[in-house]
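Let's have the full structure, built from the sequences with the hints guiding it.
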Amino acid sequence: MKRRDLLKGGAAVVAGAALAGTAQSTRSAPMLVAQANSDNTLRVVRGGGFPNGLDLHAVGTNRPAYGSAWNLYDRLMTFGTKTLDDGSESYDFTVLEPELAESWEIAEDGLSATFKLRQDATFHDGTPVTANDVKWSFDRAVSVGGFPTFQMKAGALESPEQFSVVDDYTFRVDFLRQDKLTMIDMAVPIPVIINSELVKQHVTEDDPWGTEWVNANDAGGGAYQLDTFKPGERLVLKRFEEWKSGPLPQIEQIIVLDVPEAGTRRALLERGDVDINFDVAEKDTKELRDIGDFTVISTPIENAMHTIDLNSTAELGGEPNPFFDVKVRQAVAYAIPYEAIMSTAMFGQGVPMFGGPSFEPETIDWPQPYPYATDMEKAKATLAESSYPDGFATTLAFNLGTQEWAEPMCVLIQEALAELGIQVTLEKVPGANFRAVLVEKNRPMIINNFGGWLNYPDYFFFYSYHGQNATFNGSSYQNPELDELVDAALQTGPGDPAYDEYVKSFLKIAFEEMPRVPMVQPSLSVAMQPNISGYQYWFHRQLDYRQLVKG
Amino acid sequence: MAKRSPLKLITNRLLAAIPSLAGVVVVAFVLTRELPGDTAAYFAGPAATQEAIAQISEQLGLDKSRWIQFWIYANNLFHGDLGRSLTTGQPVLTDLIEKLPASLELTGLGLLFAISIAIPLGIVAALHPNSWIDRLARSVTTAGVSLPTFFTGLLLQYVLYYKLGWAPPPVGRLDLFTTPPTHITGFYSIDSLLELNISTFVDAIAHLLLPAFTLGIFALAPLARVTRASMLGILSSDFIRTARANGLPRHTIVFSYAFRNALLPIVTTLGVVFSFLLGANVLVEKVFAWEGIGSYAVEALETSDYAPIQGFVLTMATLYVLLNLAIDVLYGIIDPRVEVDA
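In order, the protein sequence lines correspond to chains A and B.
If you read the first sequence in my numbering, its first letter stands for residue 1, the second for the next number, and so on.
If you read the second sequence in my numbering, its first letter stands for residue 1001, the second for the next number, and so on.
Because the hints were derived from the structure by calculation, they are not lab data.
It is possible that part of the hints are untrue.
[To be verified] Derived DSS-like pairs (lysine-lysine); straight-line CA-CA distance at most 30 Å:
hint, chain 1, residue 1, chain 2, residue 2
1, B, 1163, A, 550
2, A, 116, A, 82
3, A, 508, A, 327
4, A, 82, A, 327
5, B, 1064, A, 286
6, B, 1064, A, 441
7, A, 244, A, 135
8, A, 153, A, 82
9, B, 1064, A, 153
10, B, 1163, A, 283
11, A, 504, A, 82
In structure tokens:
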């Protein structure tokens, strides 16, 4: 009886969903069939998961969802484009360009920015976009909590009082202080402009920002609008013909399929059943490039490194911690088989982060190679100087979610450290639990792959070396001298000679102290059919469909 | 002995299932909470601070005591609310209604395929024990059960899709450009037929064949072996010898007398294999990008997403109860002598 009621309830839900679905799909269904693999449709499969929601302000929205939001929504500004050394295109974080805002002005005192919005821009439902929507969206981002609020804070955007509506098409942001991250933080995926009047119809007492509704529906005004979203199955976007914030994209329809098996994704590309295989693993990247039938582009991920974090606290679980001794950390850095890791674990993909020229940093380029290379004799000699000349037993934890490269990497490290008398037991942590490992900070060694969005070394160091001990400071490294330098660097910026000095000084400390051993700067790879062009690398590591061209 | 009516059996069984389901609810709740991993830390996002994690924990109600959490969960469950999946962002009930039919359809066809090969194979093997056909049956089934399903799946995919191009692209239940039929039963093959949409039906079946075949190969062995053993036992019994002695036609002996009597253990195995396949087809689902309940549960497990795991366990428990009930009812039909206690 109870079960039947449950089923009935379920049937009602389904009927409701189906009704809502038909209202939406009657428009699109004939188009779907007519456009089968035409030049107007882009078929995409991707690694690294599938969007789990459409609202990137909702709790738990995953990284792939930034990609869908990036195309569904506009931001006030976007970044420029530059050509990299290998001829591929990348966004340019030094150039801000108009998106929804036509123009902007920084006040003379440098403490506010006033944005002029496009007067002809509308949301997908036809409502004009006004400064009220912008304010509501910014208020939402700083108030909703969790990652969005955290990311806004990184650019000193913390309270709704900072955002004001001057008139319908003028919006002002008051700065808390002069901070080089504030302006660029308004062009990252988080501060999207949401159709506030539409969402307000769906807010509830428990959900004042309507995240539940926005998570499943389209409240945007971006270049693409939502056609179908089935989590774990497919996402279909179609071009928004009234888009005003940039040149109209060439591709009319995007179909993103969730195909969990990397081998299947590759077969689909090779058979010509999809146009783009995005976020391809190192091994497939190498092999697809060797086949030669596809356009394969690998871009080193800015501000990201695969590192071994050596916990530098004095004690772990009540026992003395060998990695507290800087000589032990240096010995490990000399023992790592870097070349073997590059070839076996990374399949030659990515930029080596070892073998740097000197302990005195010459540039502020970031990431840059650390001055360590495999040298077993030196490793043994350094360890002999430490308090643990005969080695010790320890563990190395890695995320099973990154098993493809992390496992061979760890096995190589294990073998190499055994030569020093350091007996390593590998701890394989399932993806869900690895976050907990990062938070607990009670493992002696972990493999970390932190990367920062805002491309400054001081930003990277703030999260991975600074004594505030953020989640990504996997070594729990504490050094007041380094903290001071990082804080000072954050207050200034490139072009200021003091900035260069600060960066070089904290890099030098990192080189000498080695709380984390960088191995490689990973790459983001895409493999495409030869008739696809216009691919651009973005710091958020997602596809921007607006620049892609087929045919 | 008074004969029970099947209706009474069903009612009694369903009533008796309530405490076990309640037990499952409690165990699933406790187990998910005891799993290592920090849901809040996971969903707080990549660069979360301790405060951000605490905030998420509060939003998800994970900061409350276990008892209060359980009370809220049980109360919602009683009102038909299974909670919301953080992984898909959808209510768990919606997800299950969407994904359970996908798995049932796949498992059902896989089993149908296994039955249609394993039972004839088992019968023939029993009729000619230790002949070449018996040995062939044995090697086929051994191979089937010893090859991991993901391997069989990838191999079939490699040959039939990648090399030959006969099978459709393994992108789930339908082709890229086929619109799914209206959700009536959730079985695409049935729904498309109900809508008289032949092209969708053909597409749905085409996408079903390879994964169902993969699953079926795995299920061959237990079914064929039980059929053979059970048939061997029956064929050597007295009443078959009598039937032979009386000169009854061979097919009457084999099918009407021997097979019907051999059917009980086969049906039992069928039930076990079905429920086992339903839970174990997650690898096949992954390989064929099938949006089934298995991969749904595993994804939830990977992210310590409690609500879907609990929903999955409860659904599976309900299914087992119904399946066992169906098998017991079937027993009564196959062999009227069987008396199943409620």
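Going through the hints against the structure:
1. 1163/B <-> 550/A: Satisfied, since the Cα-Cα distance of roughly 26 Å is no more than 30 Å.
2. 116/A <-> 82/A: Given pair residue 116/A, residue 82/A holds - Cα atoms ~26 Å apart, limit 30 Å.
3. 508/A <-> 327/A: holds (16 Å)
4. 82/A <-> 327/A: With a Cα-Cα distance of about 42 Å, the restraint between residue 82/A and residue 327/A is violated, given a limit of 30 Å.
5. 1064/B <-> 286/A: violated (49 Å)
6. 1064/B <-> 441/A: holds (24 Å)
7. 244/A <-> 135/A: holds (20 Å)
8. 153/A <-> 82/A: holds (28 Å)
9. 1064/B <-> 153/A: holds (28 Å)
10. 1163/B <-> 283/A: holds (21 Å)
11. 504/A <-> 82/A: Holds, because 26 Å separates the two Cα atoms, which is no more than 30 Å.
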